[in-house]
Amino acid sequence: MLGLVLLGAAIILERSVVRRLARLDQAARTLTEGKPRPALVDNSPDEIGHLTRTFNSMAERIASHTEELERQVAERTVALEEMAHSDFLTGLLNRRGVMVRMETERKRLVRSGGKMGVLIVDLDLFKRINDNWGHAVGDLALVEIARVLKDSVRTYDGVARWGGEEFLVGMFDLSCFAELEAVANNLLNAVRQVRLDCHGVDVSLTYSIGGILADATVSLDEIIKQADDALYRAKNEGRDRAVLANFLPA
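Counted the way UniProt numbering counts, the sequence shown spans residues 1 to 250.
Calculated directly from the structure, the hints in this document are not laboratory data.
Treat the hints with caution; some may be incorrect.
Calculated cross-link-like contacts (lysine-lysine; reagent style DSBU-like; alpha-carbon spacing at most 35 Å) [what the hints assert, rightly or not]: (1) K150 with K225; (2) K235 with K225; (3) K225 with K107; (4) K107 with K235; (5) K150 with K127; (6) K235 with K127.
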């Protein structure tokens, strides 16, 4: 009789050990596959209980380390995305960045029925600045133009270095042509106040502006093409001025 009792106890103990080891094995497999792992509870003082608690501690450290790595990857992804959309010299959006921003705003304005304005701004006689004062002063001039543009428009407008000495200002939710004119005139007056100190000599800056006001249903490429044409006319008419127009369908 005692033998049967001992045998039964041994069988029960074996099954308990097997179940506990099976739970531990399944948890390890789940952890290996990167899936969420339910916490194992085993407060037994034996080796399996100790192993389970050690496993839980290890799993928590792995989860914490994984979360930290994911946070770092997310931060670096955001930083790389910002770098991909930013101009290194001026800190403004670059061509790619402002196109993404303007296309997002254009689609929003299509739904609300608003208008958008595009100004292309070209620093006058930039080659002469580089030739006379050096590329360091040329870079300083570009940075100063970026500051003037950024400070002279609304915070939610898009300002970008379009390329070389050209900049682009995208304005959203404009109601009329007079608003476009007011912004362009403000930009012209603002840059005329700028003086760069070059070895004790004050160097003044001006730029030319071509601008278009258009319904948001017009493609960005079409708007920018006509703004660029307007800039060309401003240059030919003597620089330091703005040539603006409403969009003309082809």
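Against the structure, the hints come out as follows:
Pair hint K150 plus K225 holds up; C-alpha atoms about 23 Å apart against a cutoff of 35 Å. Proposed proximity of K235 and K225 is supported: the alpha carbons are some 16 Å apart, at most 35 Å. Restraint check for K225 and K107: satisfied, since their Cα atoms lie roughly 19 Å apart, inside the 35 Å limit. Proximity of K107 to K235 is assessed by CA-CA distance (about 32 Å); at most 35 Å being required, the pair is judged to hold.
The straight-line distance between the Cα atoms of K150 and K127 is roughly 23 Å, inside the 35 Å bound, and the hint therefore holds. Between K235 and K127, the direct Cα distance comes to roughly 14 Å. Compliance with the 35 Å bound is thereby established for this hinted pair.
Checked against the numbered hints above, the structure breaks none of them.
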